[in-house]
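Following the hints, put chains B, C and D in place on chain A, whose structure we already have.
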Amino acid sequence: MAATFYGLMARFDTAPEIYHAAQQVRDAGYKNWDCITPFPVHGLDGAMGLRRSNVPKFSLLGGLTGFTTGMSMIWFTGAFDYPLIVGGKPYFSPLFAFPISYELTILFTAFATIAGMFILNWLPQHYHPVLKSKEILRGLDDAFYVVIEARDPKFDLNRAKALLSQAGAKEISELEA
Amino acid sequence: MSTHVATISPASGGSAAGSTRSVSAAANKALVLGLVGLAATGLGVVLSGKAAAFSYLTGLVFWVAVSLGALFLIMIHHVFDAGWSTVLRRQYENWITCLPWLGLLFAPLLISAVIAPGLIWKWTDPAYDLSQVGGHGTVAQDVLWVKKSGLLSTLTLIIASFVGFGGWTLISSRLRAHSVAQDNDGDIAHTHANRFWTAVGLPFTALSMTLCVILWVKALDYHWYSTMFGVWFFAGAIRSALSLGVILMVWLWSRGDYKGILNNNHMHSIGMLMFAFTVFWAYITFSQYFLIYMANIPEETFWYSLREINKDGVFNTWGYVGMFLLFGHFVAPFLTLIHYPVKLSKTWLPRVGAFIATVVLVDMTYNVMPSLKNSAGDAYPFLSLNLLWIATSVVGVGGVCVWAYLNSFAKTKLIPIRDPRIVESLTYHE
Amino acid sequence: MSNLFPKSANKLPLQILIFIGLTTGIVLAGVTYYATPKYTRVGYAPTQPVPFSHALHAGQLGMDCRYCHSNVEKSGHSNVPTAQTCMNCHNQIKTDSPLLAPVRESYASGNPVPWLRLHQAPDYVYFNHSVHVARGVSCVSCHGQINEMDVVHHAKPLSMGWCLECHRDPAKFVRDPKLVTNLDWKHPGGDAGQLEQGKKFVHDWNIQPPQSCSGCHR
Amino acid sequence: MAHAHTDHSAPAILAEVKPVAFPRATLVEKNRSFSWVTEKICGIIEGPTPRWWWIAFAVSGFLASFTVAGIIYLVSTGVGVWGHANPVNWAWDIVNFVFWIGIGHAGTLISAILCLLRQKWRTSINRAAEAMTIFAVVCAAIFPVFHVGRVWFAVLPGYLFPFPNANAIWPNFRSPLEWDVFAVSTYGTVSVLFWYIGLIPDLAILRDRFYRAGDKIRSALYGFFAMGWRGSNRHWSNYEMAYLVLAGISTPLVLSVHTIVSFDFAVSLLPGWHTTIFPPYFVAGAIFSGFGMVLTLMLPLRAIFRLEDLITQYHIDCMCKIILATGTIVGYAYGMEFFIAWYGSNPYEGFAFINRAFGHYAWAYWIMITCNVVTPQFFWFKRIRRNIGLVWILSIFVNVGMWFERFVIIVTSLARDFLPSSWGYYSPSAVEIFTFFGTFGVFGVLFLLFIRFLPIMPMAEIKAVMPQADVHGGHDKH
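Residue numbers (this note's numbering), protein chains in the order written: chain A, 1 to 177; chain B, 178 to 607; chain C, 608 to 825; chain D, 826 to 1303.
Derived from the structure by calculation, the hints contain no laboratory data. It should be emphasised that the depicted structure is a prediction, and the values quoted were computed from it without experimental measurement.
Short, incomplete list of chain B residues facing chain A, as computed with Cβ under 8 Å:
| hint | residue |
| --- | --- |
| 1 | 467 |
| 2 | 470 |
| 3 | 471 |
| 4 | 473 |
Here are the simulated DSS-like cross-link-like pairs (lysine-lysine), alpha carbons at most 27 Å apart as the crow flies:
| hint | chain 1 | residue 1 | chain 2 | residue 2 |
| --- | --- | --- | --- | --- |
| 5 | C | 793 | C | 645 |
| 6 | A | 134 | D | 865 |
| 7 | D | 843 | B | 436 |
Counterexamples of contact, computed for chain B against chain A with all Cβ distances above 12 Å:
| hint | residue |
| --- | --- |
| 8 | 312 |
| 9 | 354 |
| 10 | 452 |
| 11 | 528 |
Glycine included, every Cβ here is placed at the ideal spot set by N, Cα and C.
If we strip away everything but chain A, and leave its shape as in the complex, we get (with noise of 0.2 Å):
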């Protein structure tokens, strides 16, 4: 099976080092690009020129689907299905649903915000070129690496290792899809 090509993959040894090369990638105009980091490194989004990340919609839409999954069916029990008195108070109250509602609030968004997470992730995903490499064995210890892919509009193979190079690259490899 003839292995295609995937993209570039260059080794930085420190957090300044591939804050700056990141810079540089995004300021060459790079599309299909990343950085490999073993920690979030505070600032490079920034550098890569991510945009904020769109958990939170999930999240908010999780919350709201949860308060008002609780309340109506704090309602549907409680007030239309089977009115029932209990100690006096009405069949439906929001104040009494609301502890439910809370609950049911924070787990729906708990449920929604990790959901987003691996969708906009596109994750779980077991197989992937930066896992075959062999540097990946040690890159989640201590060094940082820029991924390169060869389905970006702008990429050119000679171009990207010098541009990679230039940045400080410590070591430059290929990756095989």
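Okay, now just chains B, C and D, sitting in the frame of chain A:
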């Protein structure tokens, strides 16, 4: 020590001297405004008696809340060894110089309890006729007062108020003095001394504040009780003090003093605190309401019923105030402050702060004024002449507080320049 | 590692998710269907010590239910007849039938015939037959077409939800008390007629079946 | 320093800024490198199982068997095997439930609230604390589930969770016990999710390390749960946002859980239970006991695994101070309850509190006061905070005190309610005692499995707060 600083301060630059002069002019204006407000309130007492007295209590307690909140924030700063808030701390240290003045302004209420008992607190006059407020017999015949008479008396009221204001004045003056002294000698001992005063001050202030507000506010309707009351007052105090902090910071920034000092991260952090205490207030208030609602014990529910329906079952205007508090005190600030840009905006955050401070005032009004009942035992409507006297009291007492603040402001450095955390605060980023 | 996980592994999580979803759905559906009295009790038809046929006695011969279950109108408990009741007839008819031996034995000894009980409300349920019968709830509503059963079987689930169907809307079920033991009777006006007349009964007799917990769980 | 900021637009005052030196503690001592962190934490999992682990595991397992035996006996015999009788129909089961739930709270507090407050010192303890939360919730859940005796009723659809059923009824949503069901199950679920999300990057590291070491089975096992994490910054961006949102919702969650637990009591009319300060007071107490438990667990771990550079004296100081603060808040609440019991002038209420302090259960009350209010005051002193052994002992006192707090609240109020004719005295049965102490074994077993098989500290997060992680190198200007 402060006189020593005052001699140095003008030497720090021509513009500083100029702004000091304008500050003292502003201080004088504030004092004049305050005195006018106080005079108007005094006139109100002559004209409408009780109503104006209650309003004065509302206005005064509101400013006590703001100032105690500021005191708490200073102490919380010290106890957490906080870094970012160092630039703001000095403004709070300036503000709390008003505490002795607030004590002085409280004196008329204590005097009234002696010379005109029953004017505000029914129980200062055991012969008070409860039928005026929809009850039976006199206070002395009320078994609930008899049980509590050990606490609810003019003497304990005076002692508690003295201990409260005295202690707060002592603690606040020590905290401020050490901080200011450090500007000169750069001695780390002042930081340690402030931690000591915080360790003493936090428990003392928490307990004395609880006792005082129970006597001043909760005991207006002395049948009612709630263990949450002190915490509720604390929540309001912190919220109004944070609002004050934002307003002062942005005011100093727009004046030019805080240019290069105040950055977005400070705004964001104080915005987050405002948000957090919005939720805290809601939590406290909801819990109190909810537990009383669920348990449905008449000795407790009457306090809320009074603020919702009249004895004849008609919904009264305080019910709308209660709904306003739900939305204005919680929902609106919550939805506003949750937005990231609002917390950074030097236009919007002070406005939100001013709004929150106003709602804290409404909350105080909601707690104090319905205790002023008519002969049927119903609360006087919200929209009445009382609001005018509340306005004059807030302006009156507030004028004096601002005057005290500006006086202190003129005498101290803008920021605590030798504080161990000052650089961390100046270069603060999240 | 990608060397460890083949490309097809990327589909695995989704497959697992679908599998879990389906399993949960099936288990829940199963519990909802099978773990109910409707499934576990309806159709229960044990062999009785005497092969007594309700179809013969109540159906063909037209005996009234109350001839044997004589206390049903007066007592909370509907009685199973003693051997004496059986012997009223069977001392004259089929006196020697070997199938009736247990009845004769019981009659002689005074020990009851060991009938097996089908319809049994749990101990924590208070149920009063007389109240239901007196307010026009027919035997057929709870016990089914007994008059057509050779061997009695459990016809209705007798679950709490089933009780509530009537307690929430008695008008669909109540009839003239004179007709309660007429198991074949249907309102001549059909469902609409039943509902109309039922509403009138409910109103006139002030029928307020309890729906609170303590109505039955006393 | 400050001089870097004195540009032309800055006010003159900045030229005067000259702070007195008072350095802050560093979070990772001895200037360690990133790989040192990885090696240190992964080394615990990769190394051979130490003998003490087996011993501890055997002891915990033995202890846990008490709970298992107690529960089997309970289910096969009936709830009568517990010491409950009129008027105390609810005692150790709910005491233990609230106790364990409270223990769990520190985990969420450390992970969530300190995350929101940007308290970076949380990083080295949050993983273990979150694990502690989950295991504590497991131990807590045992009691309400099994106190019903016929335990299948607690899990059958329709009884606790709304599900169409043959009885055609729904759970009673007006009952605080039903709120508990939702609160605790939400809390358990969200805690597990939060914990798992935090684990993903670390699982990926273990996946790669085991692969490199040639252990394909364990690599695949960790790899499966690592979900193909590859450290992509595009992923980190969403991941951090999700983590922040989870922290943001866990904060109100953790507050609400103990608030709702407090509602179990506070919405009732029983003297000593109905008091409006219960919600914040329970939350403070929960955090108090939770941090007590964190110290109780982390100090031995720190000594065994030589984690002194990661759990520094600064961390211990912080935790001691939180214990001091929350203990004092709890003390305030005790005082407020007592005061308002008198002020409210309800004779039953007044009696309930006098009875707590001087009645049949006074011994429990004074243990509570000593452990919860007096003990933390020692943490005012730096010398005591620096004495690790003493801190550990005091933290155990905190745990004991908080158990007694729940005992005092629940049992004294029930044993002496309105009618003297129905007063009683409650003593636990042997089954109850064994079941409760067995839960420490259950907890121990789970915790030992955790420290053996999962990274006890979040490597990625620790690295992110180390000085080398600063992209400006700590000196570069913005």
